[in-house]
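K.L.:
Chain order of the listed sequences is D and A.
First residue of the first sequence? That's 0 in numbering that gives the first Met the number 0, and the numbers climb one at a time after it.
First residue of the second sequence? That's 0 in numbering that gives the first Met the number 0, and the numbers climb one at a time after it.
Since the hints were derived computationally from the structure, they do not count as laboratory data.
The reader is advised that the hints may include incorrect statements.
[To be verified] In silico lysine to any residue, SDA-like type, Cα no more than 25 Å apart, as pairs:
no. : chain 1 : residue 1 : chain 2 : residue 2
1   : A       : K59       : D       : V171
2   : D       : K474      : A       : L133
3   : D       : K321      : A       : L133
[What the hints assert, rightly or not] Pairwise CB distance ranges, derived in the manner of DEER restraints:
no. : chain 1 : residue 1 : chain 2 : residue 2 : range
4   : A       : A56       : D       : E299      : 57 to 63 Å
5   : D       : K344      : A       : E162      : 38 to 44 Å
6   : A       : E125      : D       : E356      : 31 to 37 Å
[Said to hold, decoys possible] A few chain A residues that face chain D, going by a derived Cβ cut-off under 7 Å, partial list only:
no. : residue
7   : Y42
8   : P50
9   : D51
10  : L65
11  : S69
12  : D73
13  : R76
Each residue gets a CB set at the ideal place from its N, CA and C atoms; glycine is no exception.
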Amino acid sequence: MATDRIVGIDLGTTNSLVAFMQGESPVVIPGDDGSNLVPSVVALDQNDQPVIGNAARKYLTETPERAVYSIKRLMGRGVDDVQEELKFFPFRLAEDLQAGEVLRIRLGGKKAGEKTFTPPEISALILRQLKRNAERFFGAPVTKAVITVPAYFNDAQRQATKDAGRIAGLEVLRLVNEPTAASLAYGLDKKQNGIVAVYDLGGGTFDISILKLHDGIFEVISTNGDTHLGGDDIDNLLITIALDDTLGDLGLDLRRNAEAVQAIRNAVIEAKIALSSQPSVKLDVELPGGKCYLREITREQFEKLIQPIIDRTIGPCKQALKDAGLKPEQIDEVVLVGGSTRIPKVRALVKELFHREPHTDLNPDEVVALGAAVQANILAGGSEATENMLLLDVTPLSLGIEVAGGVTDKIILRNSTIPASATQFYTTQVDGQANVAIHVLQGERELAKDCRSLARFDLKGIPSMAAGMARIEVKFLIDANGILHVSAREQRSGKEAEIQVQPSYGLTDEQVEGMILDSFDSAEEDFRRRQVIEARNEADTILAALEKGKKSPAWGHLTTDEKKKIAKMEKALIAVKAEDDYQAVRKAIDALNQGTTRLAELMMDTAVSTALKGKTMDEADMGEGPTAPHPMAKAEFE
Amino acid sequence: MRAVHFCEACGKVQPPVPVDYFTFFGLPRKLNLDVTALDKDFYELSRKLHPDLNAQAGSKEQEWSLQQSSLLNDAHRTLKDPIKRTQYLLKLEGVELEEQSKTATEQARSTGQLKKQIVPPDLLEEVFELNMQLEELRAQKKMGEDDPALIEEIGRQKFELEEKQEGLLHELQGRWKIWDGMIQREHNGQPVSEEERRQERDKMVDVLNRRNYIRNLVRDVNEVLEQ
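Extracted from the complex, chain D is given alone in its bound form (with noise of 0.2 Å):
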């Protein structure tokens, strides 16, 4: 039975999510404005303090240098593979940045205080914010998660998200290929067999899933993609457009300024949601100088426009139906994941190449978050819904290793079920040899320069042998999270050879370590504090509530009796509110609740009373805001 409780985390490129299972359903955990989406941005406030989601977005077109949106594009990615997203984003990289090393983000003005982060340090922020939404959800330390990746993801790509999560204070207990994880949610309810396509197409990243879904068990037979294509394509090419525009019409250059591509920026991605129900929108963006920025832009136009980035979707999907020996006919059913699947023209497409009516009956915002939800229970011993389910994922790459020549010698094929393990035997060339080099790489092209660097590993201590004695056998196993591990042995001695390794672009471990933000121990100590904080700005929130209270008409129909009770009560929280115990805090809140509840409902009555004279609830309003569990507002809408 389920002990542990593990969420699951949607760590998008767009938006993040987390969620948990409910009884026998999963659910998205709200954030403290009740949304259910965190938006993927990370700013630094005036103070140097990050802020993210919802209320970072502001800093985008305010502070453009004290934000930053699709990290996910960066993560596990070097300063040579990125030369083309900085055409396109406003990433702006340390300038001391060496070839090789981890990339750094620049976040803050130019004055001191200007800091760097690497991009697991920017999702460790919007992991820790969601993990902060569970945690107050729960009323408990949440430690351990399921986090998403696009099934697409490299190895290097997948160490970077599984880093993020150690520096955000959480053990990552599994890395859930994306597609993978909306099948689990959309095969929780419908218990069939058959075969399933996943096409999720997000804000970064396309995947594409061909999964047999048989008694519970979900195999995954190929998969496919591009984690470099989504939404954030479809933004650019249209904000290449109006700058294009701008230029030629009014003769304004705003490529260098942040903030206009910014304020662009908003408009076509309004825009484009509004295309998929609209026929035509109207591009209307202020600009500097009081110069506005008009376009009207038609469907039709707007699918003219995409068509060559939908069309990229194309030839990975054709490769995943090839890989699993299946036409598309005998798929059973597309399932649609991620927000750009809500594009007609994507759907149009979906429908042509698989012959078929795709789903669309599932939020393909959440579904991800969902799975991994579902998922995390698995992990954590499974319940009534989740019984019989596994989850068999396969690698999307192929792992080789460099042979002589330059070429590639792959040695665990893609799409071969994971955890999956090869085997191979290296010997010393001279006499008395003791380091064996080997590079580890992953791709599918045949020579190694065309694939993707992993990792160097040098074989050390081998015993002093004449040339082509030592017998070292070198074990490659992919994990269930899609993650090399390498381990060596020398044969002949029996000894073990020491592996020192160089990953091509990921962080050691003690730079890890250095990082993490709140660490394992720290976290009861953390949690306790923040509810501390939180107990008392509820305590302030009733506090007024009651000093304004105590000013409407209401507050006189109270006996003398209820008075005093309330004033004592009234004092009791001010006291309590001083001490650290936050449990103590919560009581006296609860107790003043109880004893105002006939206060509310007299203000309740005349308010509606007033409403009914032509005066609006506003200006009865009894506090602030939909913040928070709010003590006197629950009264009001019970």
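Knowing the structure of chain D, use the given hints to seat chain A on it.
P.N.:
Okay, now just chain A, sitting in the frame of chain D:
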């Protein structure tokens, strides 16, 4: 006998024993194999050994589960495929198929020469002609031209090659029968001479080599056609 993978009484994963893939599934070293039964066994074992179902176990058991389930997946992947299965058995019999071709490849690369491949005699003429045509099509494609007649002719030859490939699989299955019969005889206590064993191995190696050659040829044709 199948190797012990988990405790029958308590269901806990046991440390992996280094065994060959046939032994892992408790199968004799025969080549005619009931793939449906293999799949069934694979799914049943997955339900016991997979790391997801042992995530709450102790760290030692989690490690065993990782080792065991990778061995299970490796064994299933190899045995379910007729060609991989045959190659694997030959490797167990001491034939270093892979090694040979790898050494040859490396040598060819380091000397900058084309890898010498033994062309099956019955294909000699066809292959010569096909290579000429592929060369011509490559040259045409470079110039941005397309000769539909040539493409059709190459497509026809590709189809023939694929049929030959299919035929070789049948030939291989014929050899399996003889091999399996030999193993059965041995199992029944009748001695099998080392010479007979060697002969049967060589015949299978020969079929695999021919098939490999054709497979590479088809791959080359596809490459040129898809350019």
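K.L.:
Now, for every hint given, state plainly whether the structure supports it.
P.N.:
Going down the list of hints, with the structure as the test:
Taking the CA atoms of K59/A and V171/D, the gap is about 18 Å. The hint holds against a cut of 25 Å. Annotation: proposed proximity of K474/D to L133/A is violated, straight-line Cα distance about 40 Å (limit 25 Å). With a CA separation close to 24 Å, the supplied pair K321/D and L133/A stays within the 25 Å bound. Separated by about 58 Å at the C-beta atoms, A56/A and E299/D satisfy the suggested range of 57 to 63 Å.
Under the hint 38 to 44 Å, the C-beta atoms of K344/D and E162/A, about 41 Å apart, fit the expected range. The hint said 31 to 37 Å for the Cβ distance between E125/A and E356/D, and at roughly 46 Å that hint is violated. Annotation: Y42/A was flagged as interfacial toward chain D, and the flag holds, the nearest CB pair being 6 Å apart, inside 7 Å. The beta carbon of P50/A comes within 5 Å of a beta carbon in chain D, closer than 7 Å, and the hint placing it at the interface holds.
With a least beta-carbon distance of about 6 Å to chain D, the hint placing D51/A at the interface is held under the 7 Å criterion. Checking L65/A against chain D by beta carbon gives a least distance of about 6 Å; that is within 7 Å, so the hint holds. Contact between S69/A and chain D, as hinted, is supported at the beta carbon level, the nearest pair being about 4 Å apart and thus within 7 Å. Checking D73/A against chain D: minimum C-beta separation of about 6 Å stays under 7 Å; hint holds.
Hint on R76/A holds. Least Cβ distance to chain D is approximately 6 Å, under the 7 Å limit.
Checked against the numbered hints above, the structure breaks hints 2 and 6 and satisfies the rest.
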